[in-house]
Amino acid sequence: MDNEEKHIDIAEKLKSLEKIEASHNFTHNLHAKIIEFESEKRREHAKRNEESKGGFLKDLFGNLQYPWLVPAAGFTILIFFVFYITYQNKSVIEADNNASLKNEQQTIQSEKQIIPAEPEKPSEDQAPPADKEKKELTTEVKPQSQQSMTGNDLKSESSISEKKVYRERTDPNSESGNNTETDGSNLNMKDNYTEETSPDGEVSKELSGSENQGAVSEETGRTMANVKPELKDTNKDMKYNNDNAGSILLKMNKIDIEALERIREEISK
Amino acid sequence: MSGKSNPDPDYKNLTDEELIKKFQNGDIDAYNEIVFRFKDKLVNFLYRYTGSREESEDIAQDTFLKIYTSKHLYREIGKFSTWMYTIAINFARTKIRKKKKYNSFSLSRFGEEDEKDYDLPSDVIAPDDSVNAGTESYYIQKAIDALSDKLRQVIILRDIQDLDYDEIATITDLPLGTVKSRINRGRECLKEMLEHIYRSDKK
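Note that the protein sequences, when read in sequence, are chains A and B. Oh and the first sequence: position 92 is 92 in the numbering used here, straight run, nothing missing. Oh and the second sequence: position 2 is 1002 in the numbering used here, straight run, nothing missing.
By construction, these hints were calculated from the structure, which means they are not laboratory data. In this text, all values refer to a predicted model and were calculated from it rather than measured experimentally. For every residue, glycine included, the Cβ atom is placed at its ideal position computed from N, Cα and C. Do not rely on the hints blindly, as some may be mistaken.
Claimed, not checked - Below are the DSSO-like pairs computed for lysine-lysine, each with C-alpha atoms no more than 30 angstroms apart in a straight line:
id, chain 1, residue 1, chain 2, residue 2
1, B, Lys1012, A, Lys15
2, B, Lys1098, A, Lys41
3, B, Lys1191, A, Lys41
4, B, Lys1071, B, Lys1022
5, A, Lys6, B, Lys1180
6, A, Lys15, B, Lys1022
7, B, Lys1079, A, Lys13
8, A, Lys15, B, Lys1066
9, A, Lys33, B, Lys1100
10, A, Lys33, B, Lys1012
11, B, Lys1098, B, Lys1071
12, B, Lys1022, A, Lys41
13, B, Lys1191, A, Lys15
14, B, Lys1180, A, Lys33
15, A, Lys47, B, Lys1066
16, B, Lys1079, B, Lys1021
17, B, Lys1066, B, Lys1079
18, B, Lys1191, A, Lys33
19, A, Lys13, B, Lys1100
20, B, Lys1066, A, Lys33
21, B, Lys1099, A, Lys15
22, B, Lys1095, B, Lys1150
23, B, Lys1021, A, Lys13
24, A, Lys19, B, Lys1098
25, B, Lys1079, A, Lys33
26, A, Lys19, B, Lys1100
27, B, Lys1100, A, Lys15
28, B, Lys1095, A, Lys13
29, A, Lys19, B, Lys1095
30, B, Lys1099, B, Lys1180
31, B, Lys1150, A, Lys41
32, B, Lys1066, A, Lys19
33, A, Lys19, B, Lys1012
34, A, Lys15, B, Lys1150
35, A, Lys33, B, Lys1022
Unchecked claim - A short list of chain A residues far from chain B (calculated; beta carbon distances all over 10 angstroms):
id, residue
36, Ser23
37, Leu30
38, Phe37
39, Arg43
40, Ala46
Sequences are here, hints too, so could you generate the full structure?
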């Protein structure tokens, strides 16, 4: 403490200086300053509140009191948007699936309706040898029948009448019971479906070629009336399921062409 | 804040740190006790530092207002008085700097301020000084005013406010050795100046 002793005189002089006291109104002035400060603080707070009344979004993002909310809110909205789109698509897909299922069910039902109208195919054991030959022929004619899937041919009157004829011919339970291949009494078999046909079938044998043709056309006209409802059904079914209905009609068409050829042969004979 | 000048007598037994703790918990009477306890000391220190009674009171009030608004900033690591003197010195420095900008008679404005330990005191007598003009305290105050800022604050804190070296080192944010050497140099400067003043006064 050499320095203290060295300058002890000046140190004592400084310590002996009179102590200055605060004025009497010091605390009063201090209180006034504090009150002024608090009122200014309140004014600022009120001003801030007024500014923050601009709405929820402005309150959140305008003053940037919570700046971390900006990316968080953006991310949340994005996630919500993505999930919304995903579930929306799922519901649409499910609706499509349901619609397709309904369509399938309808087509199955329509097939069931169509099947009774189809000619009852004789079993291979019971079928006459002529049927076997028909089967062979149908396989050969396949390319032509595929072309006729457009439906234009199906609508033609001749094909419809021929379908009917074929059904009658192939029906094993038919009353005539004649062998179509051997005695060539195809026309007599058709007469079983017409009112004007004579029961013995001799008239048809005596008919000339032109007359025979006329008789055939008459018969096809009559059979048209029977077949047309079925055709309408098939057209409806085709709308629901083209493959199934088309395949059924295709078979019928193949057989009809074959039957028509035979009828023509016989007429020409 | 209550307008009481003399707070509850129970607070007189509490230390400064206990009072500020109470004030931090919302006890306004504790703040009043702090003001009551330190206002004279602070005004005296600031008067010696600035040389103006009006300014010293103004800065002292600003210091207490700062304590009022920033009470949460005080940590019970150091003494409360150290924290309060630090605030006061910062306010006083800012005030003096502003004052020097517009109205300065110091010769240091023409040279580097930090290099000089003291300036020759001005011949102009301020209104506050007129009462004590011619007395020893007047000359001492003139000599203190002439000291450079870095020497003046340590001399006042040590020899007028009677703070210890460690506390001064904390307030000024200086190493202990630097504080000691500055105090020593400040005393030498004061001695020289007072001799010069007395000589010129005798003439």
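Holds or violated: Lys1021(B) to Lys13(A), with C-alpha atoms at most 30 angstroms apart: With Cα atoms ~37 angstroms apart, Lys1021(B) and Lys13(A) exceed 30 angstroms; violated.
Holds or violated: Lys33(A) to Lys1100(B), with C-alpha atoms at most 30 angstroms apart: This hinted pair holds, its Cα atoms lying about 25 angstroms apart.
Lys1191(B) paired with Lys41(A) [C-alpha distance capped at 30 angstroms]: violated, 49 angstroms
Restraint check for Lys1095(B) with Lys13(A), where alpha carbons must lie at most 30 angstroms apart: holds, 27 angstroms
Restraint status (C-alpha distance of Lys33(A) to Lys1012(B) at most 30 angstroms): holds, 25 angstroms
30 angstroms Cα cutoff - pair Lys1066(B), Lys1079(B): Roughly 17 angstroms between the alpha carbons, so the hint for Lys1066(B) and Lys1079(B) holds.
Hinted pair Lys1066(B) and Lys19(A), Cα distance within 30 angstroms: Judged against 30 angstroms, a Cα distance of about 24 angstroms means the pair holds.
10 angstroms cut-off, C-beta based - Phe37(A) kept clear of every residue in chain B: violated, 6 angstroms
Given hint Lys15(A) paired with Lys1191(B) - CA-CA distance at most 30 angstroms: holds, 14 angstroms
Distance restraint between Lys1191(B) and Lys33(A), which requires alpha-carbon spacing of 30 angstroms or less: Violated - the C-alpha atoms of Lys33(A) and Lys1191(B) are around 40 angstroms apart, more than 30 angstroms.
Satisfaction of hint between Lys15(A) and Lys1099(B), Cα-Cα up to 30 angstroms: Given that 30 angstroms is the threshold and the Cα spacing comes to 28 angstroms, the pair holds.
Hinted pair Lys15(A) and Lys1066(B), Cα distance within 30 angstroms: Roughly 29 angstroms separates the two Cα atoms, so the pair holds.
Hint compliance for this structure: hints 3, 6, 14, 18, 23, 31, 36, 37, 38 are broken, all remaining hints hold.
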